[in-house]
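Once you've looked at the hints, dock chain B against the given chain A.
Read off the chains here:
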Amino acid sequence: MDVATLAFSAFYQFGDAFAFLVLSACGLAVIFGMMGVINLAHGEFIMCGAYVTVSAAHAGLPLPVAILIGSLVAAMVGALVELVVIRHLYDRPLDTIVATWGLSLIFTQGTLILLGSTMAGIGTPFGSFQVGGYSYSAYRLMLFAAAIVVLVALYALFNWTRFGVMARATIQVPHMAAALGIDTRRVYSLTFALGAGLAGLAGGLYAPTMTLVPTMGTTFIMEAFVTVVVGGADVFLGTAPAAALLAVVKATLTSWYGQLFGQIGLLVAVIVVIRVLPRGISGFLLRERG
Amino acid sequence: MNALSRFFRRLEGPQTLGRGPAFWIGFLVVLIGACLYPQFSDGYTVGNTVYFFTWIFMALGLSLIWGYGGSLSFGQTAFFGLAGYGYGILTINFGAAYGFTLVALVLAVAFAALFAALLGYFLFFGRISGVFLGIVTLSITLVLERFMAQTAGPEWRIGSARLNGFNGMSGMPPLTIPWPGGDIVLFPDIGLYYVVLGLLVLVYLGLRILVNSSFGNILVAIRENPERAEMLGYDIRKYQLGTFVIGAALAGLSGVLYTSWGQYITPSSMGMTAAALPIVWVAVGGRSDITTTLVGTLTVLAVFQMLTIYGSQYALVVMGALLVLTVLLAPRGLVFALARLLSRPFARRQPGDL
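Which chain is which? The protein sequence lines are A and B, in order.
At position 186 of the first sequence the residue is numbered 186 (this note's numbering), and the sequence of numbers has no breaks.
At position 15 of the second sequence the residue is numbered 305 (this note's numbering), and the sequence of numbers has no breaks.
Next comes chain A alone, as it looks inside the complex:
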């Protein structure tokens, strides 16, 4: 293998890991950064997006439309969950974890009862291509691009729109934002729905590459948790660099020792990072700047 193919292979592995970390974590990070709430039903929103996407694709819709529908449905479920449960628990973050875990049990088992233990999947589109005698899936590169697009879109949303300004004001000083006439409850609802929608998007994007089972959410959540913990409360200064850092760890260990050791490596990296930077990468960066 010459240097160019080696470099491409490394880039492909890194991009794959990076996309997985960013896409599975950004919904969780948006909600955590906004409200300090960890949504343990995050995996189930991902599962919801995947199931809806595949159902829509089976119904004959083109895949991009199906993915869009999947994330919209997940966002609507998220808005409903916020209205019924989360809204009442904003001053009790630990109880929110417990309550969302209860929801996660209900969703997983409910899906199992309603839809059975598995659902017929759809094949991975775009086929594969060859570089230096090795075959790569084109869809994985598309996922890498999707992760970048999601990050850019979130940046644009939070910096260049009216909602973004209101959301950032609410993050900084909630009662001051409220005093200036921002309906903070509505901002919280919208943010939660946005986070759930991003989870659904992750589910929809990964649906063609996975087996659809009710417990598929657990495949994502460990990576999502780890990225959010390492990243800290800010999506751009935290989640993105954390995903890049962890992607290197994960891709290296996975290609040498297998998937499980990639995950163990992530866990060790997290424990080391929180020992050194208790507030995550974004806490460190913001302190440096401030």
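Hint data in this document are derived by calculation from the structure and do not stem from the laboratory.
Honestly, I wouldn't trust all of these hints.
[To be verified] Sample of chain B residues facing chain A (criterion: CB under 8 angstroms; computed from the structure):
#1 Tyr341
#2 Phe412
#3 Pro621
Heads up, the beta-carbon is just placed ideally off N, CA and C, and yes, glycines get one too.
Chain B only, in chain A's frame:
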């Protein structure tokens, strides 16, 4: 008599419900009832009751970590599984002769506690708290499950014990007490019932003494306001670490008893669902008191068992709903909510009540 009353005074205090002769007479009545229970039942039912009892240690540990210490940990099942596997590996390798199963019990619990100490050092001395502690401990539990699930191959063996991947380990000997006239093998039957009941009473009374000691008071002070406790000169990290290790050891005890009860342990005993259940038991009963935790755990387990008989698939949905409703409507747990509901007409409202 003086020594006895001093002993009782150490069992009572501001951190536990129940005091005075009335409570202890009630306690004694329940204990005698529990001791007589096998006389009125058959060995199979008694064996099933022991199964309930084995879980309570883990729940009491979680009550200590979460209810008293205020740190939400999802790691209990990890320690449960580690100790369970530890017991299996030790006893399959060294057998049950000369009371070795009891040594294995102690070693397995110590192993879980040691792992908790190492992990807790990084977590608490890294000042991880609040929601992060929960998700880091949950991640560790999930990775342990995945690690154990992939050990199916023949290369995963420790001595003569195969780890067996997702199918789990089985065939380890049950706890055995060496006895002059032949060893007493504790199959899930009346013998094991009395041993576990005895352990339960010891742990319950021990925890009452612990939480009413100065250690317990400081722990509650940390839960109420960590900064204040620190300003008063307590190294809160040490107290949190100590609590975490004690809780982990109790979870380990549950793991060993469970493994010995069924002679069986699988990776799914550390999975997502398994990790959720202790949280349900402790939250529903009332996490901030060990007595309500004990009562709540037994009640929820009994309800869960009944539901499983009528439709196992709905049991988990009901558990989830129970958890959400408890958090929303009775944040301190159902026992406290019931007590308040019953006493409301008679008591004046205290300032600061929920």
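Results for each hint:
1. Tyr341: 21 angstroms, violated
2. Phe412: 5 angstroms, holds
3. Pro621: Holds - the Cβ of B/Pro621 comes within 8 angstroms of chain A, reaching about 6 angstroms at its closest.
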